[in-house]
Structures are given as structure tokens and as C-alpha cells.
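Please model the entire structure based on the sequences and the hints provided.
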Amino acid sequence: MVPPTSISLVIPSEIRLVDVVHTAAERVAEIAGFDEDGALNVALAVRETVINAITHGNGRDPDLRVEVEVEADDRRLRATVVDQGAGFRPEDTPDPTASENLLRSSGRGLLLVRAFVDEVRFRRVDGRGMEVTLVKYLTDGPKAAGNGGRPDAEERRTER
Amino acid sequence: MVPPTSISLVIPSEIRLVDVVHTAAERVAEIAGFDEDGALNVALAVRETVINAITHGNGRDPDLRVEVEVEADDRRLRATVVDQGAGFRPEDTPDPTASENLLRSSGRGLLLVRAFVDEVRFRRVDGRGMEVTLVKYLTDGPKAAGNGGRPDAEERRTER
Amino acid sequence: MKASVRNIGHVSVVDLSGKITIGEGDVVLRNTVQGLLDSGRSNILLNLEKVTYMDSAGLGELVACYKRTKEKKGNVKLLNPSGKVYDLLSLTKLEEVFETYKDEKEALVSY
Amino acid sequence: MKASVRNIGHVSVVDLSGKITIGEGDVVLRNTVQGLLDSGRSNILLNLEKVTYMDSAGLGELVACYKRTKEKKGNVKLLNPSGKVYDLLSLTKLEEVFETYKDEKEALVSY
Ligand SMILES: Nc1ncnc2c1ncn2[C@@H]1O[C@H](COP(=O)(O)OP(=O)(O)O)[C@@H](O)[C@H]1O
Ligand SMILES: Nc1ncnc2c1ncn2[C@@H]1O[C@H](COP(=O)(O)OP(=O)(O)O)[C@@H](O)[C@H]1O
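Residue numbers (our numbering), protein chains in the order written: chain U, 1 to 160; chain S, 1001 to 1160; chain C, 2001 to 2111; chain A, 3001 to 3111.
Derived from the structure by calculation, the hints contain no laboratory data.
Think about it this way: if two alpha-carbon atoms lie no more than 16 Å apart in a straight line, the pair counts; the simulated EDC-like pairs of lysine to aspartate or glutamate are: (1) K2084/C - E36/U; (2) K3093/A - E1100/S; (3) K3067/A - E3095/A; (4) K3067/A - E3099/A; (5) K2084/C - D35/U.
So, partial list: chain U residues that the calculated Cβ filter (under 7 Å) puts toward chain C: (6) I15; (7) R47; (8) E48; (9) T97; (10) L102; (11) L103; (12) S105; (13) S106; (14) R108; (15) G109; (16) L112; (17) A115.
The beta carbon of each residue, even a glycine, is placed where N, CA and C say it ideally should be.
What follows is the structure, given as C-alpha cells:
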């Protein structure tokens, strides 16, 4: 049994700091008990979310900050990324795997995020920015826990 | 010219998270322009200071936090480590290189910190804990800047 | 990331190693492919065997290289994507865009 | 950190690689040396050639191993500390405690 742990990181909106967050998330995932590939998947999902927060959320303005929290217990890892931007509606973003989008040189970040973690939640925080929460279970994902993988299942089980 | 950058990290008092901070500090040092060995030296100094904050400051109590800030500009890197402990008087710590202490299995951390950065400052912060500030210059240390390496020189030159 | 070029007949094999990520590997990839196109070499085989992973910026740069090369009547093909890189190409359906080979000789004769 | 033992006559050479740091390498070092002492082998040569760095916990464990081995009338000696590890030993004056060799054969005959 791994006791719960967490780290929180605050960075200015600079792409060159993305690797710092990637590595920190990967390490916490390893500590939490994910194998090498599982930890890389978590890190890649956090990475993409942080890149979006830096570029789309904060417009690469180094005076704006991105806050990242990664916490894990023996059941799951949760990462939260908050920017200071205007937010967005994820349902309005185009499907990068549609044939008319296949040759676009961007638009694949959210797809990777969704592929690499079990749950993704988006929330506009008034006076703050966009908050994106990622959850990855240590076992077989939420279906194994018998909740049908509904994206709000985690919300009900954990206190915030 | 490297523009200024910074990261801030908060961790519970767990030794297994020391590597996360080490790696983050090393990366910021690399970004700031330190070479591989210089970045490792910075990371080792931050590492020892964080280990002390976790063990001596916070007594490994996972409910107590260690706050780390690493910031760098084109002139120097500064790391600040704050714990929630009672503090200590560094001048009261024994010299680990004295022959009667050579065979002790601990007591070498501060020596390494002092060896690997140019300036070390200790400060008790009321209601908070011990704050240790490390400064490492990108060039030849404070002497090159003509201030005789006085430990308070940095204080006067930078706004907080 | 590191990139080195081997010219074999009219094909340029680019051996890549490391990760192709935003602000680092993607820039190396862009510059390497642009260098080849500038010197008139547009039959390009990217050897991905030693690429550990890519992020969305790396995948985007791969597509950008493909498009720039097509404009010069050439082609970018892929050799031996590793497990993680293969997953990424399949997930994003980019495997439908790129001709991908496991064997270098087979790839070379396909141009 | 990784540790593997080669027994050469009455000396055990421990090839270490990686970093000797708190909670990880220091534990491996302690357990490896304790294992040797438990099986009656107390002439120990730690090969530090592939150790990249140590922290104060790693240095402390080195001293602890030295003391435990001395109690068993044995000795811990060091082989080929790398640049950074050498600096650490010199800084802490532990080079005065440990007999240190550059050549394995020379080290072996010194026991
Ligand atoms: N934190 C964010 N703030 C504002 N908009 C965002 C944010 N994250 C994503 N988006 C929007 O979602 C779109 C799709 O994002 P993504 O799939 O990561 O692709 P890309 O970043 O390559 O455009 C972005 O183009 C942007 O419009
Ligand atoms: N953050 C701190 N809070 C309280 N005491 C500290 C702190 N850092 C160092 N000390 C004191 O200074 C002593 C020397 O520290 P150090 O040189 O790092 O050696 P070690 O940690 O191995 O004892 C410690 O034993 C402890 O008493």
C-alpha cells in the first residue's frame, strides 16, 4: 500500500518548463505504483494539458501562471491544471481523426489526453481560468470499479 | 540572454519526493545556462536543503509541507526552501571534517550545500519555519562581481 | 533529440533518436527535413526506431514535414516506429497518412 | 542504483552503478555490504567507477559500512571514484578515511 502523496507546481507560461512538469508527474506516478509505460502515459496527458494551458489559456504570456497539482493514493492519480485564460468549450473542438483534419499540423492534444487517462473534466473557474482535471486509475479504469466509466463518477467519490 | 524564469513546488515531507525537486532544480539550472556539472551542483545543494527541511525541520511529518522556489535570470539562480519546523542555528552545527567527526554517519549536508553554491542564507520566519536561500552565480561567483562574497550582498541587490 | 542523415541512392534516411517534443525535437525534425528539401532531396525515410515518444507538437511537425515534402513532389515515409510511437500514430489515425515499413530495404525500394 | 558482487579470492568486489542517494542507493549499499558481512566476507572493495553522484545520506552510508566492516576486522576500500564522487570524498575529507585505488589489481593485493 502506497500512502497518499502530492506535489504542487506553479510555473510561468513558458514552453521550456513543460519538461519539468512532465518529469514531476512521471515521478509521482511511479511512486504511486504505475509501471514505466503507465507513468509515461500519465506524464504525456499532463504534458499536453499544460501545453494547452500555456499556449491557448495564457497565450504564452510569462506573467501568467499555470498551476499544476498531482496527487495520488493507492487507487488513482489525479492531476489538476489551472490557467488564467478565458476558457473554452471542449465540445466545440474539431475531431483531429476526421479525414478532413488528418493533415492539420495541430489539434491532437485533447485526443492524446483522453486516450492516456481514464477521466478528463473541464471547468471554468470564475476569476481564475480553465481548470482541467485528469484521473488515472491504478487498476483497469473506472469500469473495473463498476461505475460504468461515467465521467462524473470520480466527482462523487472524492471530496474537494 | 536567457529571460528570467521560476518554478515553485510544494511537497509533503516525504523523502521519496526529493528526486522530483532535485530534477526540477537541475532542469531550471540548465535552462538558466549552467552546464551539466553546474546544474548537478545546484541540484545537489537544493537536494540537501530539502532533505534537511523534510527530516530536521518537519520531522518527516507528511502533514507538514516544504515549499521550494527556484528562480533564475541571466546572472544567477536562487533557490528558497521553507519548512514548518522550529529552525536551528547553523553556527552550532559541528564541523563534519574535524577528525573527531570524520566517522559520523551524518552531518555532511550543510557542508555540501555550502560547497556547491556561492551563497547560503538562513532565516527563521515567524509563524512559518526555517527559510534557507541558496544563490549560485552563472559566472565566477560573487567575488567576480566585486562584493567580496559577503553573504548579504545578494540581499541588497535584489528586491523580494 | 538527435537526427543524422544517410543518403542511399535517391532516398535520404533520417535516423532519429530521443523524443520529438515541443520546442526541442520538433525543431530538430523541421530543420533536418527542410535542409534536405533545400538541397533537392525529397525522398525521405524517417527512421523512428529509437524515438521513445512524441507529443502533439511532434506529431504535428511530422504532418507538416509530410505536407512540405509532398509540395516538392517527394514523400515522407516512416521506418520502424517503436511501441509508444506506433500507438500515437494509430490513435491519431496518422498511420493512414504515412506509408510505414518495418524493413529498411523494403522501404528504400518503395520510392 | 545497482550493485553486483564478484568474489576474487578473499576479497569481494562490489560493482556499483547509478547514484547513491537517500532512500534508494544508500539502502542497496547497506544491504549488499551487510549480506557480505553476514556470510563472513569482510574484505570489501567498492568499485565506484560507475557511480554518478552521492548525497550526504550516501556518504553517511559509506562511513557506516566502513565502521561495520572494521568491527568484523575487515576493511572497506574504494576503487576508481568518478570525478563528482571524488570531489565529494575530498570535500568531506573522507578520502582520509578510505584507502582509494585506481587499479583493481593493486587494490586486490593490498588486502
Ligand atoms: N486551456 C485552454 N484554454 C483555452 N483553449 C483551450 C485550452 N485547451 C485547449 N483549448 C482549445 O482546444 C483546442 C484543441 O486543443 P488540442 O486538442 O490540445 O490541440 P492544439 O493545442 O494542437 O490546438 C485548441 O486549439 C484550443 O482552441
Ligand atoms: N531545516 C532545518 N531545520 C532544523 N534543523 C536543521 C535544518 N537543517 C539542518 N538542521 C540542523 O543542522 C544539522 C546539520 O545538518 P546537515 O549538515 O545537513 O547534516 P545531517 O542532516 O546529516 O545531520 C542537523 O543535524 C540539524 O540539527
